[in-house]
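8 protein chains.
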Amino acid sequence: MSKPFVAILMGSDSDLPVMEAAFGVLEKFDIPFEVKVTSAHRTPEATHSYVTDADKRGCAAFICAAGMAAHLAGAVSATTLKPVIGVPINGSLDGLDALLSTVQMPGGIPVATVAIGKAGAKNAAYLAAQIIGSSDAEMHQKLVDERRANAEAIIAKDAQLQKDLQQRNAK
Amino acid sequence: MSKPFVAILMGSDSDLPVMEAAFGVLEKFDIPFEVKVTSAHRTPEATHSYVTDADKRGCAAFICAAGMAAHLAGAVSATTLKPVIGVPINGSLDGLDALLSTVQMPGGIPVATVAIGKAGAKNAAYLAAQIIGSSDAEMHQKLVDERRANAEAIIAKDAQLQKDLQQRNAK
Amino acid sequence: MSKPFVAILMGSDSDLPVMEAAFGVLEKFDIPFEVKVTSAHRTPEATHSYVTDADKRGCAAFICAAGMAAHLAGAVSATTLKPVIGVPINGSLDGLDALLSTVQMPGGIPVATVAIGKAGAKNAAYLAAQIIGSSDAEMHQKLVDERRANAEAIIAKDAQLQKDLQQRNAK
Amino acid sequence: MSKPFVAILMGSDSDLPVMEAAFGVLEKFDIPFEVKVTSAHRTPEATHSYVTDADKRGCAAFICAAGMAAHLAGAVSATTLKPVIGVPINGSLDGLDALLSTVQMPGGIPVATVAIGKAGAKNAAYLAAQIIGSSDAEMHQKLVDERRANAEAIIAKDAQLQKDLQQRNAK
Amino acid sequence: MSKPFVAILMGSDSDLPVMEAAFGVLEKFDIPFEVKVTSAHRTPEATHSYVTDADKRGCAAFICAAGMAAHLAGAVSATTLKPVIGVPINGSLDGLDALLSTVQMPGGIPVATVAIGKAGAKNAAYLAAQIIGSSDAEMHQKLVDERRANAEAIIAKDAQLQKDLQQRNAK
Amino acid sequence: MSKPFVAILMGSDSDLPVMEAAFGVLEKFDIPFEVKVTSAHRTPEATHSYVTDADKRGCAAFICAAGMAAHLAGAVSATTLKPVIGVPINGSLDGLDALLSTVQMPGGIPVATVAIGKAGAKNAAYLAAQIIGSSDAEMHQKLVDERRANAEAIIAKDAQLQKDLQQRNAK
Amino acid sequence: MSKPFVAILMGSDSDLPVMEAAFGVLEKFDIPFEVKVTSAHRTPEATHSYVTDADKRGCAAFICAAGMAAHLAGAVSATTLKPVIGVPINGSLDGLDALLSTVQMPGGIPVATVAIGKAGAKNAAYLAAQIIGSSDAEMHQKLVDERRANAEAIIAKDAQLQKDLQQRNAK
Amino acid sequence: MSKPFVAILMGSDSDLPVMEAAFGVLEKFDIPFEVKVTSAHRTPEATHSYVTDADKRGCAAFICAAGMAAHLAGAVSATTLKPVIGVPINGSLDGLDALLSTVQMPGGIPVATVAIGKAGAKNAAYLAAQIIGSSDAEMHQKLVDERRANAEAIIAKDAQLQKDLQQRNAK
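Residue numbers (our numbering), protein chains in the order written: chain A, 215 to 385; chain B, 215 to 385; chain C, 215 to 385; chain D, 215 to 385; chain E, 215 to 385; chain F, 215 to 385; chain G, 215 to 385; chain H, 215 to 385.
No lab work stands behind these hints: they were computed from the structure. Just so you know, not all the hints are guaranteed correct.
Using 20 Å as the maximum straight-line C-alpha spacing, the simulated SDA-like pairs for lysine to any residue come out as follows [stated by the list, open to error]:
id, chain 1, residue 1, chain 2, residue 2
1, E, Lys-217, E, Lys-356
2, G, Lys-356, G, Lys-270
3, F, Lys-377, B, Glu-234
4, G, Lys-385, F, Glu-234
5, H, Lys-250, A, Ser-226
6, G, Lys-270, H, Lys-250
7, B, Lys-377, D, Lys-356
8, D, Lys-217, D, Glu-259
9, D, Lys-250, B, Lys-270
10, C, Lys-270, B, Glu-234
11, H, Lys-270, G, Leu-240
12, A, Lys-250, C, Glu-366
13, H, Lys-332, H, Leu-230
Pulled from the structure, derived: some chain C residues nowhere near chain A, Cβ distances all over 10 Å [claimed, not checked]:
id, residue
14, His-354
15, Arg-361
16, Lys-385
Here are the in silico distance ranges between beta carbons for each label pair [unchecked claim]:
id, chain 1, residue 1, chain 2, residue 2, range
17, B, Gly-238, F, Lys-242, 19 to 25 Å
18, G, Asp-244, D, Glu-241, 34 to 40 Å
19, B, Leu-375, F, Gln-376, 55 to 61 Å
20, B, Ala-363, E, Glu-366, 49 to 55 Å
21, G, Asn-383, C, Leu-379, 17 to 23 Å
22, F, Gln-376, C, Asp-359, 51 to 57 Å
23, E, Lys-242, B, Gln-355, 34 to 40 Å
24, E, Pro-231, C, Leu-230, 24 to 30 Å
25, G, Ile-369, C, Ala-373, 58 to 64 Å
We put the beta carbon where it would ideally sit given N, CA and C, even for glycine.
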């Protein structure tokens with residue numbers, strides 16, 4: 215069986231700078247991914263064709279980013295039974311509109327919603343990696359290792375802070 | 215040419231009690247209408263087929279009611295170039311989620327959004343009547359007459375209130 | 215009969231940069247339009263005179279833009295039985311005040327509300343075109359064609375993105 | 215000169231139960247008042263006529279109650295230069311829509327906004343009494359006396375509570 | 215009797231740039247005013263002394279500006295029976311915290327709340343002028359005249375816009 | 215390898231009536247599940263032990279339900295690298311506090327958030343099934359079949375509605 | 215030195231049913247407390263006298279409960295340098311107004327704010343106990359013991375749930 | 215007994231510029247403090263170890279700053295029975311997410327929440343000083359003195375303003 219991949223869909227190419235945070239995480243875990251600019255409203259047929267095709271080709275999870283009345287993740291979730299992750303983009307109202315449009319889905323058509331903006335873009339990628347890792351022990355181990363490295367980075371930042379504070383107090 | 219009609223779509227049959235307020239207004243203006251329970255997410259193909267067909271059969275305007283992450287009006291607007299009116303239903307968060315999911319549409323795919331709940335259901339029907347009336351002088355005149363009657367009803371309520379207050383003061 | 219036109223009303227000339235997005239859309243569809251700076255509160259009589267006159271001269275739809283306690287669209291809807299489209303302008307509170315003041319109209323006086331700001335300005339014009347198109351087959355066809363062109367533009371953006379990503383990966 | 219009076223306007227007779235809290239306060243201060251059911255949107259001309267007439271007859275302040283996209287106070291403030299007090303009514307969204315539609319008025323057309331619902335209805339009457347009292351020493355004294363009585367009522371409630379708590383502890 | 219004056223209180227001198235919009239309006243109507251930086255929380259006694267004294271010296275209305283948990287207007291209203299006008303300042307949360315802290319007063323202690331920020335500062339001054347004008351025919355006439363001038367200014371802006379649009383179309 | 219199971223954690227046994235909606239969905243798909251009442255704050259060690267143990271025993275996904283400052287899902291996500299699904303419970307503020315506390319997670323610790331309350335409880339179960347189905351073709355097929363059945367149920371409801379409306383019109 | 219006590223202030227006796235949750239917690243820890251109905255706005259002098267006196271008599275912490283534009287905690291914090299704990303009461307807008315009016319205090323006048331309503335009333339008492347416990351080892355130990363007991367109660371509830379579920383499955 | 219100290223924890227070193235406002239206040243009162251960058255989610259064990267250790271070493275109060283789904287203060291409060299003060303940081307949604315995640319704690323695990331951002335950082339330090347001062351008469355006196363100095367600073371600002379206004383009027 216071919217390696218599973220992640221499909222990242224964006225309602226507009228203006229979402230690209232936010233979603234690049236997801237690319238970096240997926241690359242870190244060596245997860246192949248595709249990126250597609252397609253709109254639930256303006257290119258519904260292209261969206262439908264792409265999702266149906268990606269689903270058949272072994273897509274493990276879809277990541278969908280959209281702002282305002284963010285319907286893209288919901289529309290994709292209506293098309294596939296693979297897990298769909300929604301990233302609300304801050305286009306107006308601080309992203310509250312996109313958050314509610316993404317998360318408040320009716321029973322039967324779930325969207326796994328993450329935080330608004332860049333933090334959400336990152337976590338969408340982590341979540342996709344966890345979904346792949348739930349049946350792939352090697353991927354799961356990579357996640358365990360990466361989290362430990364992350365913790366160590368914070369501990370290092372704290373160690374640096376302690377030094378800075380000591381110097382400040384020494385003056 | 216056959217008489218234009220209005221199509222009323224609801225995401226769930228639980229929206230029926232709210233939307234009956236629209237039926238009454240349309241009946242008052244002798245506007246034929248169809249009612250359809252269909253979901254943007256759970257029956258996307260049935261929704262698409264119905265809208266495409268209704269559009270061809272002379273539907274003048276679509277009224278779409280949905281709650282939570284209310285995508286129905288947006289999905290219908292993506293399918294037709296007829297005017298689409300969205301009624302946000304209060305399913306949670308006092309209907310704020312449905313309002314934002316309905317009104318915050320991206321450029322090119324408009325939804326004419328009205329108030330949350332029953333007031334919105336009524337106004338969706340009035341708006342549909344105004345759209346038909348914009349090219350149908352007889353319908354327009356009906357709207358003018360009905361508004362005058364409405365104003366008179368409020369003036370009558372005020373007259374009754376003045377009597378009630380006088381009686382109260384006379385005591 | 216003379217060609218129907220659209221009237222665009224603004225509560226303040228500071229709304230002009232936002233509303234120019236509507237001018238562009240109407241020009242694309244060759245829909246004649248008038249622009250008027252007039253206030254529901256500061257020039258109520260001028261507003262009333264203009265709307266009554268425009269209504270008689272064949273105005274097909276009114277587009278009203280206002281911020282804060284945005285009453286302009288409601289006041290116009292109280293004066294005419296033509297469809298009235300409301301564009302909430304972000305003057306404070308991210309435009310939430312203008313949105314609620316525009317959309318939450320009582321039964322009988324509808325305002326077809328669109329998104330806050332520029333996306334709403336565009337969609338107000340699209341909606342006006344759809345209203346005209348509901349009884350004008352030629353206009354309706356223009357809308358169908360323009361939407362197809364829009365879809366193609368997104369598909370072209372996606373094609374460009376695929377190229378960019380391939381180059382990036384090739385490095 | 216005839217005694218100044220207060221005019222209370224309501225967008226709907228369903229607001230009457232809330233606004234009766236204002237009647238009680240005005241009666242306590244022997245301030246004559248008129249009550250009018252009239253709508254900014256459904257009976258704009260009747261509203262305009264009434265306000266213009268009341269203004270000439272010596273109305274000292276207007277109290278306007280409305281829910282949802284509450285435009286009544288704003289429309290009255292656009293018609294008169296007497297102080298206009300707005301009471302937001304909770305018709306939906308916990309009254310947040312009515313609050314923002316009432317308070318966020320543009321420069322030049324002020325509305326003196328008070329709390330949502332019954333507390334606001336009371337305070338509208340107190341504020342009207344204060345406005346009359348600002349040039350009427352007798353009224354001002356009544357307000358001073360009434361506030362002292364109110365304070366004593368709270369102190370009495372506290373004294374009762376202390377007794378209740380002592381009894382509870384004695385058990 | 216000496217001429218009535220308006221007292222403007224600010225919780226912090228950082229509110230000065232916003233409140234200068236009120237100074238201009240009061241100067242236009244030749245209304246004398248005092249300006250005081252004083253805090254409900256940090257200088258409660260100075261606030262109390264000033265308000266009690268200003269009240270006795272003939273202050274017609276108090277204007278109180280504060281941000282965040284804006285208690286200044288409420289504290290002043292608890293000290294005087296003169297009308298108290300509250301201006302919510304945007305210090306955080308777009309000023310929603312200041313708005314709710316100012317407007318949601320309990321029965322018996324009213325605060326006449328106006329819009330958040332500069333529009334509110336202006337309207338606080340207009341409202342104070344209306345309160346003075348409610349028993350001062352000359353002031354009332356000034357308000358009537360100024361409003362007419364304001365309306366003419368908007369009509370002039372519209373006339374200029376019509377010229378601009380014609381030139382644009384002529385090209 | 216033993217069959218993967220789902221662990222459902224609740225911050226309080228008062229969340230049980232909402233979460234039973236998830237049990238039904240999991241039973242429909244024959245997915246084994248465990249239910250645990252445990253609190254991020256009141257029993258952090260019990261929570262940690264249970265999650266670590268369940269993770270080792272082959273738990274495929276964790277579903278965490280909590281209200282107010284809903285930290286349970288976040289705390290679980292900090293303990294395991296398996297996918298964690300968060301269900302915000304409406305305990306106050308219509309559940310907005312629980313939604314934001316669940317979804318706004320920092321980068322690296324994702325929570326797959328679903329809708330507030332019962333719809334979210336259902337979708338948490340669907341999402342867990344999709345995660346299992348992403349590497350289990352049989353489960354995936356069950357999801358495909360169940361969605362088709364769901365669509366047919368809506369189409370049947372619509373058919374019934376058409377009959378009801380015909381009867382109503384026939385009268 | 216006499217035993218430190220806690221003073222509980224309420225803006226209205228209608229807050230009593232919510233605040234009784236605090237009484238229970240304080241009684242569990244044998245912390246003496248006083249209860250006072252007093253208003254920041256309606257009885258500012260009585261509030262000031264009571265707080266000054268209680269402060270001198272050895273009050274360790276003040277708990278202040280109020281709804282709407284909840285200024286009581288802020289006013290008390292302006293009067294004393296003892297810790298002041300604020301409990302927002304849900305009187306309108308789901309308590310969001312009381313929360314923001316309580317928590318958003320300017321620098322120098324802190325209010326230790328807890329959750330809206332009953333959970334907040336309980337936590338105000340726990341927090342007061344922790345403040346006393348910060349210099350009273352016996353009290354601190356009581357808190358440690360009580361928390362352990364609380365954890366055991368949750369573990370017992372979970373054990374009961376496991377039994378219930380087994381019985382259900384056995385059927 | 216050694217002098218009690220305050221522990222300041224931050225979820226991220228990006229919170230440092232905001233929290234430096236707390237350092238200044240603590241230094242003014244000669245209160246020793248420690249600063250720690252540690253995360254509830256990314257370094258839960260380091261957080262737990264540090265808090266347990268600081269608690270034993272005589273920490274009088276914990277100040278915890280975090281943004282978004284701000285769980286740090288809650289996690290610390292679950293670990294210690296010392297008072298825990300939460301500072302919501304504005305990372306998104308104007309800090310409303312962090313405020314609700316911090317303040318809406320369930321009964322038994324209190325977090326003393328202060329304002330969003332810099333004002334909150336300051337007040338966290340004042341509150342910690344008040345907690346120490348509740349059993350340390352010298353510290354309490356420092357707080358009394360500092361508040362008087364603060365009041366005098368505001369009075370001096372007002373005196374300066376009066377001079378500025380006189381000069382302006384003299385022109």
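We went through each hint and held it up to the structure:
| no. | hint | verdict |
| --- | --- | --- |
| 1 | Lys-217(E) to Lys-356(E) | holds, 16 Å |
| 2 | Lys-356(G) to Lys-270(G) | violated, 26 Å |
| 3 | Lys-377(F) to Glu-234(B) | holds, 16 Å |
| 4 | Lys-385(G) to Glu-234(F) | holds, 17 Å |
| 5 | Lys-250(H) to Ser-226(A) | violated, 41 Å |
| 6 | Lys-270(G) to Lys-250(H) | violated, 37 Å |
| 7 | Lys-377(B) to Lys-356(D) | violated, 30 Å |
| 8 | Lys-217(D) to Glu-259(D) | violated, 27 Å |
| 9 | Lys-250(D) to Lys-270(B) | violated, 49 Å |
| 10 | Lys-270(C) to Glu-234(B) | violated, 33 Å |
| 11 | Lys-270(H) to Leu-240(G) | violated, 25 Å |
| 12 | Lys-250(A) to Glu-366(C) | holds, 14 Å |
| 13 | Lys-332(H) to Leu-230(H) | holds, 11 Å |
| 14 | His-354 | holds, 18 Å |
| 15 | Arg-361 | violated, 8 Å |
| 16 | Lys-385 | holds, 13 Å |
| 17 | Gly-238(B) to Lys-242(F): 19 to 25 Å | violated, 40 Å |
| 18 | Asp-244(G) to Glu-241(D): 34 to 40 Å | violated, 51 Å |
| 19 | Leu-375(B) to Gln-376(F): 55 to 61 Å | violated, 44 Å |
| 20 | Ala-363(B) to Glu-366(E): 49 to 55 Å | violated, 37 Å |
| 21 | Asn-383(G) to Leu-379(C): 17 to 23 Å | violated, 51 Å |
| 22 | Gln-376(F) to Asp-359(C): 51 to 57 Å | violated, 34 Å |
| 23 | Lys-242(E) to Gln-355(B): 34 to 40 Å | violated, 48 Å |
| 24 | Pro-231(E) to Leu-230(C): 24 to 30 Å | holds, 26 Å |
| 25 | Ile-369(G) to Ala-373(C): 58 to 64 Å | holds, 59 Å |
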